[in-house]
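Undergrad: Read off the chains here:
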Amino acid sequence: MPAERVPLLDADDEALLRLSRQRQLALSLEEMRAIQRHYRSLGREPTDVELETFAQTWSEHCVHKTFRGVIEYEGEVIRSLLRSTIARVTEELSPDWCFSVFEDNAGIVDFEGDYAIAFKVETHNHPSAIEPFGGAATGVGGVIRDILGVWGEPIANTDVLCFGPLDYPYERLPQGIKHPRFIFTHVVAGIGSYGNNMGIPTVNGAVLFDESYVGNPLVYCGTLGLVKKSCYMRSATPGDVLLLVGGRTGRDGIHGVTFASTELEEDAEEAFGTAVQIGDPIEEEKIKRAILQVRDERLGSAITDLGGGGLSSAVGEQAHRFGCGARVHLERVPLKYAGMKPWEIWVSESQERMLLIVPRRNLERVLEIFREEEVEASEIGELIPERVLRVYYGSEKVAEIDMDFLFGGLPEVRRKAEWAPPPLEEPEFEPPEPGEALLRVLSMPNVASKEEVIRTYDHEVKAQTVLKPLQGCFSGPGDAAVLKPLRHSWRGVAVSCGINPEYGKIDPYWMAASAIDEAVRNNLAVGGSRIALLDNFCWGSPEKPRNLGALVRAAKACYDIARAYGTPFISGKDSLYNESPMGSVTPTLLISAVGILEDVRRAVSMDFKERGASVYVLGMSRRELGGSQYYRMLGFLGRSVPRVVPQEARRTFRGVEEGIRRGLIRACHDVSEGGVGVALAEMCFSGGVGAEVELSRMPAESMRVDELLFSESNSRFIVEVARGMEEEFEELLRGCGAVFARLGVTGGRELVVRYEGREVVSLELERLRESWQSGVRV
Amino acid sequence: MSPRILVLRGPGTNCDAETVHALRELGAEPELVHVRRLVRTRALEAFEGLVIPGGFSYGDRIRSGAVLARMLSHALGRELQRFVDEGKPVLGICNGFQVLVETGVLPFGQVGEPALALMKNASARFEARWVHLLRCSDSELLGELPEVSEMPVANAEGRVVLPPGRAQEVLDELLQNSQVALRYCTPSGEPAEGRYPANPSGSFWDIAGLTTPNGRVLGMMPHPERAFSAYLHPCWTSGRGTEHGRVLLQGFVRCAGRA
Amino acid sequence: MKWEVRVAYRRGVQDPEGETTKSALEMLGYGCVEEVRSAKLFIIEGECTREEVEQMCRRLLANPVSQEYEIRRVE
Amino acid sequence: MKWEVRVAYRRGVQDPEGETTKSALEMLGYGCVEEVRSAKLFIIEGECTREEVEQMCRRLLANPVSQEYEIRRVE
Ligand SMILES: Nc1ncnc2c1ncn2[C@@H]1O[C@H](COP(=O)(O)OP(=O)(O)O)[C@@H](O)[C@H]1O
Ligand SMILES: [Mg+2]
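Chains as they are written, first to last, in the working numbering: chain A, 1 to 778; chain B, 779 to 1037; chain C, 1038 to 1112; chain D, 1113 to 1187.
The calculated BS3-like cross-link candidates involving lysine-lysine, where the alpha carbons are at most 30 angstroms apart (straight line), are:
#	chain 1	residue 1	chain 2	residue 2
1	D	1152	C	1039
2	A	573	A	416
3	A	573	A	229
4	A	336	A	397
5	A	228	A	573
6	D	1114	C	1039
7	A	544	A	416
8	A	336	D	1152
9	A	573	A	556
10	C	1039	A	336
11	A	416	A	556
12	A	556	A	544
Chain D is nowhere near these chain C residues, computed Cβ spacing over 12 angstroms in every case:
#	residue
13	1047
14	1049
15	1050
16	1051
17	1101
Treat the hints as calculated values from the structure; they're not laboratory data.
Just so you know, even glycine gets a beta-carbon here, dropped at the ideal spot from N, CA and C.
Let the sequences and hints guide you as you build the complete structure.
TA: Laid out in structure tokens, this is it:
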């Protein structure tokens, strides 16, 4: 099965583009020309294996051309958006507790002693659009391998899912697009199946609905891992063996990377049918055991997952990282079936495979470990001192690529970005009755209970989940999960997320600011501190200047807010071609946060605990209902998007952190979608304890009662303070300079809300809960 | 004396680490052994107790527990039968329960054809939630477990099905021998009577756990190792955490200590 | 040779997958559906005799308490 | 009327259930088995037309990207 020479030297521009398209290379004319120039200088035609290597290594998915390229934006020239915003936060903060940031498959922060925590979030959008079960399942499998790829033991999963409305009319679905309900049920089943089978608890996430996701759902999958710093091996040298472990290689998943870097079109099913995979979690479970054994015996010198681009990227990137080259023998790769071409073997993205690099003296023992777990392990080549990638198939050399060109020859991408505020107006309307409105907001799909999803995920396997996604005796919506990953220590990890694409429709800057704020406050609410962030951008094509403008604005907010909060980014990812025949997705930024608790026994859940305790609101409420669930329920978007005032927020955050540390706070819930009204209702029915509050006491701009109830201003919390502790608590908050007010007391079987003494809401816990539970049905 | 307990695993077993940890903390000497190795060494005899933990052995393919069960009864059938006959304690948790049913060991202690089935939950879904359990037998394996206890379930196939047409007959036999050890119930201890979510799987007669007639083999869908510390309980933040899983496992370890 | 083994719930045993499929179809507006039952199929290739396949069913593929099986030779 | 819908993964898509079944059968000593594939069956009763059943398959029962389905009228 020989490699093919691809005639490139004499091709004109049109022919170059045709070639890129026909072979699904997703390379631009500029890039094709660069390759052509390179081969002209070599005086020979490239092989198909070589061409494929460039397509993979230079794909948006692998090198983030947009984020690292040049962007012209409002007269400004940005060189590498990534370096000038996201990574800059971490660089400037340079916290000594960050063990590894941006260079590995996952970000890693110190935890306790020799232990560190790794965290990574990925997306698997296009595969989930066409094969939702397999796409989501392999999304989970893939991000777990990212953790294995830093020698980490996976300890928890997260998932954030964005779908079209579940009641979307079938008649309006374009050809080839699956109904949101079909996608929803199968994505949830896929995520549950992979995590449950592998025995990794799924502890945090979110589910959102918006019309723009009908043609292109978003599936974010995250995994946390436990890393032993003393067993973190990254020091490969020439002569070390390349060991391919795990499942067999097949045609599946070919061109997944270029698929992810292309817009979804009507014929996507046909064109990228091979990108579809189902996944085998049991295979990955076995691999995990073997890898952890290799880790504990310190037998490897490096490791990486096989994800996008398959062997071509994994081998190339590792060789590059260690400043050497590699020799690979493709005929040694175990195949699922005969007849695969060398280039197919080289770029296949078959699931459940990892690449280990092993000093030759350890090889025998490593192979024995894999045999014990019944996992195939094959020596496919080795690292070599020259900076060149030599790929063989039998005796034939099918590729010889200069590493410096492969990793340095990519023409700089230059794009234009623009942004103008959309022409939006603040609505004027007769406010509905507040109690009625509260019940309706509680059942809005984005607010309503996701219990039916959450319970199909095992969130307790490993017996480390101290705060679960559903909290309180009556299963309310927790802000963050808390894990206790070490047997010998009470130290805990808090995991949370923040996401609100509604705000992005008004201004992506404030959407990003709000997402960071939400992720951080969710984490603080359970007792997390020393928080690190991950960013995941899901955007429409960056070749549309408006999309790119939105991206620039969001990235700038990431810098401004994270810098002000002192929360470094440790990892992230972008997925930039989320387009379907129905247009671009709403720009969507997910921020995930990981924090530390000194002692999990101090963790705080969001449910009200006892009668007669004091209820406080922390933070300033503003008249900013643009993008709120309340407006959405009434059919408006508005324009007064919630902003963030970092200095003010930090004072509130300090109060919460310290209040929890001192044990003054018995219950804590962040105020997010649905505002104070929803937060209070959730705290009541989760704990089975009612409350009576007076809204006029809220520190707020002047506004109507319904606005007070449903404004989604950032950086706010509702807390329950134990009886008798009020004074100490208030003193603490004053000391922090935080804005706050005591709103009322807990007790009874109802939520009673007054405004200047007049009762505006009076609802039984049961009714509140029922509304909340009626929103999303699987 | 600390009993040696074999904790069996196969590909896809995934609750082994916490199970081993729990047993060790209770003073036992757990040893985690891969089924292939057990088949090679046939060392079952050397242990005082056997635990088959939860998970998805062989991916729950064909039926949950079926493949691991066949592996046991085919390659180790005689050893397993002897272990059971000698009255050494055996505990199957969740997937382990399914395995014991598929080997035939539960409910009548005979390696062979299964006499009942654990089928897909009535909801047709995997489901993770805490349940209340009614203690219905004085089997030593349950230790000091109170009349009503709390533990979490997490499974897709936990619905006990007795042979259709003969269900009542078989149930009567089980009851006569006091083999129904645990039933799903309400917080106040009334049997769930099939009602969701108190009975999360739709299990027949609310059966959550069964023993052999001599009470020495226990299979249960709920996970005691996940109810091992108060801070794993969903209401611990309200000061209402319990440790019923620890209590139950203590009973098992004590029993193994005497074996 | 090619055998098809079909494993289905015995009558009288609840078939949750069939039931949820039915209600999902109803939700989609297919009022015509009266009942849905689910079953599993194993397609086994190889030189196996019918007795061997019978045995496989009894020993592994079906649980005799809740399931029944049917064997068909297709090639 | 009674329809039988058979849904299976397309060739080339991994079938872990089939693979595990094969190796379990081998372990039990059935050396004759060369390949096992798994599939799902839905038996739908009711006055539905073939077009309706076709639609059910496309909308709910199968995903044409990774699976193929076959509809048979049995009664
Ligand atoms: N897809 C999901 N997977 C896992 N947990 C989820 C998922 N969706 C929501 N959750 C959990 O449900 C709880 C409430 O989330 P959510 O409804 O988004 O509330 P809020 O908007 O108040 O943060 C959280 O614990 C969250 O982790
Ligand atoms: Mg929240």
